[in-house]
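Undergrad: Per our numbering, residue 231 is the first one in the sequence shown, and the count goes up by one each step.
Keep in mind that the hints were calculated from the coordinates and are not lab data.
Misleading hints may appear alongside valid ones.
What the hints assert, rightly or not - Taking lysine-lysine and the DSBU-like style, the derived pairs with C-alpha atoms no more than 30 Å apart in a straight line are:
1. K536 / K967
2. K536 / K552
3. K924 / K833
Unchecked claim - Ranges between beta-carbon positions, derived for each pair:
4. H861 / K422: 29 to 37 Å
5. M643 / E907: 26 to 34 Å
6. I729 / E907: 53 to 61 Å
7. V807 / L378: 44 to 52 Å
8. P1080 / S519: 16 to 24 Å
Cβ coordinates follow ideal geometry from the N, Cα and C atoms, glycine included.
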Amino acid sequence: MNSSNTRNRYPTVDIEQYIRQHLGSHVLYTYRNVKKYYYRLDAVQLDIEFLKICRGKDIIPSFLWFKTANNDLSSSPVYKACQLKLLNVEIDAKRKKLNELKIMYVSSLDHLRELSSADLFEHLFEIIISECSQLIHEKRRTLNKKLLSLCPVNNSTRYYNAKVVTNLSSRVLSNEELICLANGLDYSLPPKSINSMNVASNVETFFHRITDVYQHQKKFMNEHKEYEAISESDVRVLNTKELSLANDLSSLTKSFLQRANRGQIQKNKFDFDQENYRKLLQKLKEDTSIIITRPDKGRGVVLMDKHNYVNKIQSILNDSSKFSSLSEDPTLARENNLKSLLRKLHDQRQITDQFYYLARPTGSNPGRLYGLPKVHKQPVSLRPVLSSIGTFNYGLGKALTHMLSDLIDNKNMIKDSSSFVKDLHALDDPLSTFKMVSFDVVNLYTNIPVDETINIILKKLYEDRPVPPIIERNDLKALLTFATTKSHFLFDGKIYDQIDGVSMGSPLAPLLAEIFLQEFEKKNLSSFENLGILYWKRYVDDTFVLLNPKFSTDKVCAELSKLHPSVKFTSQEEDAVTHKLPFLNVLIQRQEGIGFQTRIYRKPTFTGLMTKWNSFVPKIYKYNTISVMVHRAIQICSSYKALHAEFQFIRKISKRNGYPSNFVDSIIKRQLNLKYEPSAPVPPTLSTDTVVFKIPYLGKESQVYGKLVTSAVAKQYPLKKVRIVYDVPDRIGRSFKNKDAVSDELKAGVVYEATCSQCNNSYIGQTCRHLKTRINEHLYDQKKFLPQPVKIPEKKKKKKKTSQNPIPLYTGPITRSRTGKLPSSSIILYKDDIDELLKQTTVKLKNEEPPVPKSAISKHYIKTRHMFTKDDFSILLTERYRYRLRITTTLSSQHRIVKATDSLSGSPAAFIPDGLVNCNIRGTGLIHSYTGGTGLINCQIRVIGATVIQHRTTALQNTSSCSEDRL
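Kindly produce the complete structure, drawing on both the sequences and the hints.
TA: So this is what it looks like as structure tokens:
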């Protein structure tokens, strides 16, 4: 019975009188109990949430403020600790009461269901929800008022740090906008929706990496081909453990998505600012006249007028000695040239398969340039930054970095600030009599001599080593040239080429800089000693030096700059009075004849911004934020006084960002215990393989889901270690895009859909190449079957026979052959006659066959005569990684309503979450029906001994093994 008929049958007013008259007082008593327990459940849940927020924000509720005989005790740490303990006890008591109420509520609800009919029970339950919701709403408002009254000053969301936001634009920001942006670009808001397709793709990829089922599938298919067995292209072999894990992951993921879609996401319901932030960010995003970005150094937010931002970048690009403007995009040409070289080296066995597949580019795009404002300098300039991920030589740079990393000598390198301080304290006391100086290389990456550095690398590999690499010297030089000198990028819709220095953004650039500087140090070591340098340690382009005080710092800097035309130095000397020098975020104080004292140093660009306490990120991220600061203080500070001062600073800066003091103190205590109390010996463990599992962070549900998945894997694969990574999807910074957008037709790694404009049939495919290339292949294949225009040949007038150039006639004697036959009579043919005869002759080719459609687009045209155009293609989603792209393609085809589709080259899914899996038990066999939500794909899993074979039972229409890109 529907709800309208129920409302007509039963009253909505004076329902209790109706129950007493028609059902009796016993049913009325049960009805009142259900309503009472329903309200109390929600009320206690609100109380628990209120108390937890108070605890998280370091707020003490008014009922925990008690009097003492000594009024001074109310401000003592003991009093505060007592309040916190009582608060925890109150929360535990509320949780216990909540569990008791759940039992009583369920019991009363079941009893009411037994005493009433189904339609009456539904009607009574709707009335209970309606009446209690008003009471719950009123209680929520009361708790909100209490919370605001308890923290009018300490509310961290209203704290505005003026150093965080730098407004260089002509737009006047409101106070609300300033408060919103002052949270930083990494501040996260609770997501409003969940991407189920992304979750499913993550789980499928995770399952394949845990089980290696894809490799087993390839082996199974190769065996079928070897024995010429007939099998479908998506056969999947699963053993018992794999099937059990697939079922566990399927049920866990489905439950997780259902809870998320019902809105049961843990978030701070009392913080109204976050909902208002979305509206403010949307308004800022819609203002196309401004640019919102982060500063060059430190954490913060910078606003600039867009025309001013573009002009500053253009002034950098106008330097013709470093950049040149291109009229055409050279991406495809450079990608094809690099592919040809790599293919040749791979065929000649000069490079490994791993190197080849990592370096081989597919679907490349130009780099994209953007700028970061140097707000610490006046006038404000921009530091150009090149995003080179996805460029044609990015993979080559990574492959060469792995190959050449063993050329680095760690003798004069500084690994990090902790190792630097450790080495500094280990120096002999007499060295503290020498003054401290830091030298900085000017514009290191743009001034690296590329050809010289490449020759240094080749010399180390082919001359200094007894066994040179397999790859030929000239070929390696060509690869290094590809990775370092050919770099083009996009800015403001125009293509530019970098013609000087190492390619910006190349993963090979830091390695080349290190190799060059190490060679520079090796050649000039004797010169260092002659200049009075007794100690030389370098971190990238910053060098810490102990210099003989008899030598002038400026003169030494000038002499160092003369040692190589591409290397110029700047210097900073220790303070003449305090003997202090900042280096690598460490403030060093030299005590002559005693040693060196160290403490934390923060640059003037430090804004005090850190991960906000009310930012919607996992709590472990907030814990790590404080833990890293405390650990660094313990490692760097050389005295208890400096360490105490640093702890006080951490407490102060954490409080400004909303962190509870007890949370920070507990981390400080834990880190000190780890430092000064010996830890128990850890028994050796078996070697494990770590597999990363990425989960969108939706609050407590995500953390519970991650633990359950980890437990399910440990049960089946104890030697596999799962590392959970939480993806925070809704950060403020993602609202602002400062890079040039790539056009749809040049995007690569996409799942696309082609929809017929006449019958709305859809075709889903995927490609790792440019979408434009794949569309052209579809349309070119379709063109083969389009009707060709028939040309009627024009009648030509016959030419008169001429006696010019006749074929010479044989005039010798006619003799009989050995067979007794006379030779055939000779016919005089002229050249014009031969030409006319050839024109009328049609050459018939042997084995000529009609064209075969290679694309589902062509098959659709042959069947329906409906023609596709390039405007009928659209992108469903993008995926950078090839294997995830194959999985996502399969999931997309099953998730959408597809009337006809290609035979995708994606990977068959082990399970389809979010309600796309229907499990039925038939007889002794377990059958999974993967309906994809629309009944398009039906697969079965048959248990055969310990092996499970998945095969297709209802094939998709218009299958084609050549329809998609081979990955």
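Undergrad: For a quick check of understanding: which of the numbered hints are violated here, in increasing order?
TA: 3 and 8
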